[in-house]
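S.K.: Given these sequences and hints, build the entire structure.
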Amino acid sequence: MSLIGGNWWGAILWSGAPVDTYQSYAQSISRMPITLVQVYADTCGRSFGVAPCDGTGAACYNTYTTCKNKASYLKTTKILEFVTIDTGTPFKQGERPYLLSVDYLPTEIKDSLTVSGRLKIKIADEPDTDYGIDPYTSTRTLPVPGGYWKKFLARNPNYQGRTVKVWEGWHGLPRSGYQLRWQGTLDNITYDKDAVILDCVDPLKSIKDYTLPHKIEISLAADITTASTELAIRLSSKLSTYTYFRIADEVLQINSYNSAIDSVNVSRAALNSVAEELKVGNKLQPIWHRGPENPFDTMLFISSFCDLTASVDATAFAAAKDWPGDDKNIETYISDPVACEKLLFELVDLTNCRIWYDERQKVTCKRISANDPNRTYINISDHANIIENSASVNYRGLERLSRYWMYWGISPTGEEDKSTSYSYLTGAIDADAESSFYYDKIMEETIYNRWSHSSEGPGHTDAVMRAKAYVQRMLFNRRDPLPIINLKVELKDSTIMTGDYVQIDTDEIEEITGVHTNNKYIVTYRDVVGDGVISLKAQALPTRNIGIIAPATLTADWSAASTSDRVYAYICDSSGVMSDGETAGYHIY
Amino acid sequence: MQAPKILYTNILNVTTATLSVTTAAVGYDAQNVNDWRTHTFWRGSAATALNFTLDLGAGGDRAANCIGICAHNLYSANYKLTVQNSTNGTTWTDRLASAQATSDDVLMSTFAETTARYWRVALNTTAGTTAAPTIAVMALGTSLEFPRAAQIGASPINVSVVSKSNRSQTGILLGNIVKYHPMSLNLSFNMLPTTFFRSTSGAAANYGEFWKNHGRYALPFFVSFSGDTFQEAKYLMRLAENTEYTMPLNDSSWVQSLSLNLISCQESST
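Residue numbers (the working numbering), protein chains in the order written: chain A, 604 to 1192; chain B, -12 to 257.
It is possible that some hints are incorrect.
Claimed, not checked - Result set (SDA-like, lysine to any residue): computed pairs, CA atoms no more than 20 Å apart in a straight line:
hint, chain 1, residue 1, chain 2, residue 2
1, B, Lys166, A, Lys886
2, A, Lys754, B, Gly14
3, B, Lys166, A, Arg778
4, B, Lys166, A, Arg893
5, A, Lys1044, A, Asp1033
6, B, Lys151, B, Ser175
7, B, Lys166, A, Lys1044
8, A, Lys768, A, Gln786
9, A, Lys1091, B, Arg154
10, A, Lys886, A, Gly1017
11, A, Lys931, A, Lys886
12, A, Lys754, A, Asp689
13, A, Lys1091, B, Phe98
14, B, Lys151, A, Asp1130
15, B, Lys166, A, Ser1039
16, A, Lys886, A, Asp925
17, A, Lys695, B, Ala33
18, A, Lys1021, A, Asp1134
19, A, Lys695, B, Thr10
20, A, Lys681, B, Gln253
21, B, Lys67, B, Phe98
22, B, Lys151, A, Arg1006
Keep in mind the hints are simulated off the structure, nothing from the lab.
M.R.: Take a look at the structure:
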C-alpha cells in the first residue's frame, strides 16, 4: 500500500536534485534494487472469433496450443514481465511481483567464450487472475482459478528457444533507465515447491557446434590414379566454397565444379604434397585456407562463421587491432576440423589479447599490456570500495615461465599436436630466471602455432624475426607471476565490469617496505552474488612497460615525470632499470 | 479518539452483479480492483471522467456505508471521487460528496448507510488532471466498527525496514540495500460486548462474521486506526499468521479482551 506517496524514494536518495539515471541511484547510499525479467512468449495477433479467426465456443487463450482455428493463427510476441517479489510493482503496467531470484552466471575472461552453467530464474507460481494475460477474461467464470505458471505451461508447452531478458534497476527509476544485464533463450522450466525455475542459455552456446573446416563424410566412389584430374563427387553449396581438399596425404586444388554432373576438376599434388593412388573409400576432407591477413580480421571472420556477428563488439576489436598495431599477417591451412572456439583463442593468445562475453552481451576484446596512453583506471580501495573481510590474493607462483617454445610452419596435412608436423621451432629462454637466485629450475611451455608460415626468400627472415619477437613477448609477460586479487564490492561499484582496468589501493599486497600497494589490474571475473554484493577477480597487469614513443612535449627526466607521463618510454640506466633502481625498464614490443 | 473500523465486505464482487466501467485501458480490466491484489490494476483508457457502475440485479439491493481504495493515483493525477447510488440506474444520488484525495495513500471514507440496486463510483477530472486514473484495490460495503477505541498505547503506525548494509575494510558504510518495509498494527481491546462477536443484526456488523468469511483466510481488508483522528492511519492489511479467534468471557455479556495483530507491507510509490 502506498502509505507514503509521491517522491518518497527520490527524497531519500538525492535531496533536492533529480534522480533519474541508473548510475545516480547506484551511487546513492540507500536504494531499493529491482530486477526485471522479461519472457518473450508467443501469442496470436488476432481476436478470437473475429475474421479471419472463425473460432467458436469458449474462447482460446491466444496461444497456438489453445487455438481453435490454427490456419488463422498469427504468431506474434507478448512480453511477460516479472519484478522482484519484495518490492511491489515499480511500473504498474502489468508486471508481476513474483520474481524470487536470478542466479546469474559470472562473466569471466578465460579460455572459452561459453559458460557451462545456465542462468536460473526462480519465479513464484502465485494464484493469478490472468490479468493482462488472457484477453477474454470477461467471458470466463470469475474468479479465474489456478497458478500463473501452471496455466502458462498448459497453454504454452512450446516455450523452448523463446527470448529471456534480465534487467536491473532501482525503485523510482523510470523503465527506460533500467540496464540490460543478460539476454538468452529459455531452455527448460521445472516446477519446485510453488515456484518455477527457468533454465536459460546464452546465445554463444551454439559456438560449440561450429568447426573449421566443416565436418563431412564424403569418400571416393572409385579408385583414381596419380594422373586423374576428374573426380565424381557431389558437393553441397557450403563445400563448394573450399579451394583445397585433402585425400589421404595428398592435397587437391579444385579448379571447377560441375554441379549438373557432380564432377570436380582438380589439380593434383597441391601445396607441395605428393600425388597418390587414391582408393575407393578414401575420405575426402575440405581444407580451410585463410590468409594472409591481419589476425583480428580472421577473428572476425570466425565470429561471423559462427553466426556471432551481431554479438561481436566490432569497435573493441578494431581498437585492439589498431593499437599498438603492426601484427604480422597470418595464414593457415587446416584439414582436420577444429572447434572454432579453439581457433579463436589461439589467435587471442597470438595477439596478446583477451576476449570474453561481457555484461553487455557482447563478445569483446582487449589487448593486454602494462601501459597504454589511452587507458583509464577505476580506483578501488580498502577504504571506499572493498567490503570488509572479502579480499584474498592468489600469488600464482606456479604460473611463471622461464622458457617458451613455439612450433610453427605446419604442413597442410600435418597433425596439429605433433611437433613433426611443423617446419620450425623458435624459443625464448630467460637464463637469469632459471638461476639459483630466482626460480632455480626450468619452467617452460610449448605451443603449436598453425597460423605462422614461411616461404623461401626475403619473407623467411621476416617470419623468423616475428616468431622470435612473439616468443620473447610471451616470456616477457609471464616472466614474473601476476597475482590475482579476489574481492567484493558494493552495488555502488556495480558499473565495474569484466575487462575494466582498475587501480587497487589495498593492504592485501604490500611493498618491500611494508606499505600497501596501489597497483594496476584488469578485472577478469565478475559475479553478482546477492544482497548488493558483487564479487570481482582482478589480475595484476604485467609490470614491465612496453616502449611507446613519447610526444615531444614530455619532460625528458623520468624521475620528474608524472604517472601519466610514464606511460611513455624513457631511457633506462645501464643495468636495465629506471633511475629509482627498482622500476623495470621499457621494452621494445 | 475514534474507534477503529474495518472494511472487508465488498459489493463490487458480488457474483451475480455486473461491474462495468466507462472505458478501461486494454489489459487493465475493471475486475482487477476486486481481487485484493495491489499489483493488478484497473486503468482508465484516458485522462477523462470515468464511472464504475455496479448493477446488483433485480432484488439484489445491497447496503454500503464505506469505500476503500488502495494503490491509486487519484491524488497525483487530480481526480475527484464521488460515491452515488440509484434505484433505477438513471437518477443518481450522491452518498459520498465529490472530493479530491489528499494523497495517493489508502483512501477509506464512510458515509450514511443506504441500500440500493445500483451503485456508482464516479471519477471526475479537475483542471489539473493529466493522466489516466489507476486503482489496484477498491472495496465498497458496510464497515465493521469496533465498540471502542483501541487500548492506550496502541500505535497508529508500526513500520520497520528489512535491509542489508555493507561496510568497507576500514569500516565505513558503503551502501544499503533496502528490500521492503514490513508494517504491523496491533490493536487490543478490553471488555467488548459479546454482541460484537455474535450479533445477528447484520453480516458485516460483527467480528465473528468477519472471522468466518474473511479474516481466517488471511484476505486483506481496509482498516482505519481511528477514523479521521489519524487521517493517515488507514491501511490495507491482513491478519498475521497464527492469529486465533478467541472470545475469553468475562460473563455472558462481555468478552474480557481481544488482541489483533494486523500485518502488511508498506510500498513506496512511484
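S.K.: All the hints need checking, so say for each whether the structure fits it.
M.R.: Evaluation of the provided hints:
{"no.": "1", "hint": "B:Lys166 - A:Lys886", "in the structure": "64 Å, violated"}
{"no.": "2", "hint": "A:Lys754 - B:Gly14", "in the structure": "18 Å, holds"}
{"no.": "3", "hint": "B:Lys166 - A:Arg778", "in the structure": "19 Å, holds"}
{"no.": "4", "hint": "B:Lys166 - A:Arg893", "in the structure": "55 Å, violated"}
{"no.": "5", "hint": "A:Lys1044 - A:Asp1033", "in the structure": "11 Å, holds"}
{"no.": "6", "hint": "B:Lys151 - B:Ser175", "in the structure": "33 Å, violated"}
{"no.": "7", "hint": "B:Lys166 - A:Lys1044", "in the structure": "55 Å, violated"}
{"no.": "8", "hint": "A:Lys768 - A:Gln786", "in the structure": "4 Å, holds"}
{"no.": "9", "hint": "A:Lys1091 - B:Arg154", "in the structure": "11 Å, holds"}
{"no.": "10", "hint": "A:Lys886 - A:Gly1017", "in the structure": "16 Å, holds"}
{"no.": "11", "hint": "A:Lys931 - A:Lys886", "in the structure": "34 Å, violated"}
{"no.": "12", "hint": "A:Lys754 - A:Asp689", "in the structure": "23 Å, violated"}
{"no.": "13", "hint": "A:Lys1091 - B:Phe98", "in the structure": "58 Å, violated"}
{"no.": "14", "hint": "B:Lys151 - A:Asp1130", "in the structure": "18 Å, holds"}
{"no.": "15", "hint": "B:Lys166 - A:Ser1039", "in the structure": "58 Å, violated"}
{"no.": "16", "hint": "A:Lys886 - A:Asp925", "in the structure": "42 Å, violated"}
{"no.": "17", "hint": "A:Lys695 - B:Ala33", "in the structure": "16 Å, holds"}
{"no.": "18", "hint": "A:Lys1021 - A:Asp1134", "in the structure": "51 Å, violated"}
{"no.": "19", "hint": "A:Lys695 - B:Thr10", "in the structure": "18 Å, holds"}
{"no.": "20", "hint": "A:Lys681 - B:Gln253", "in the structure": "31 Å, violated"}
{"no.": "21", "hint": "B:Lys67 - B:Phe98", "in the structure": "16 Å, holds"}
{"no.": "22", "hint": "B:Lys151 - A:Arg1006", "in the structure": "50 Å, violated"}
The structure fails to meet hints 1, 4, 6, 7, 11, 12, 13, 15, 16, 18, 20 and 22 from the earlier list, while all remaining hints are met.
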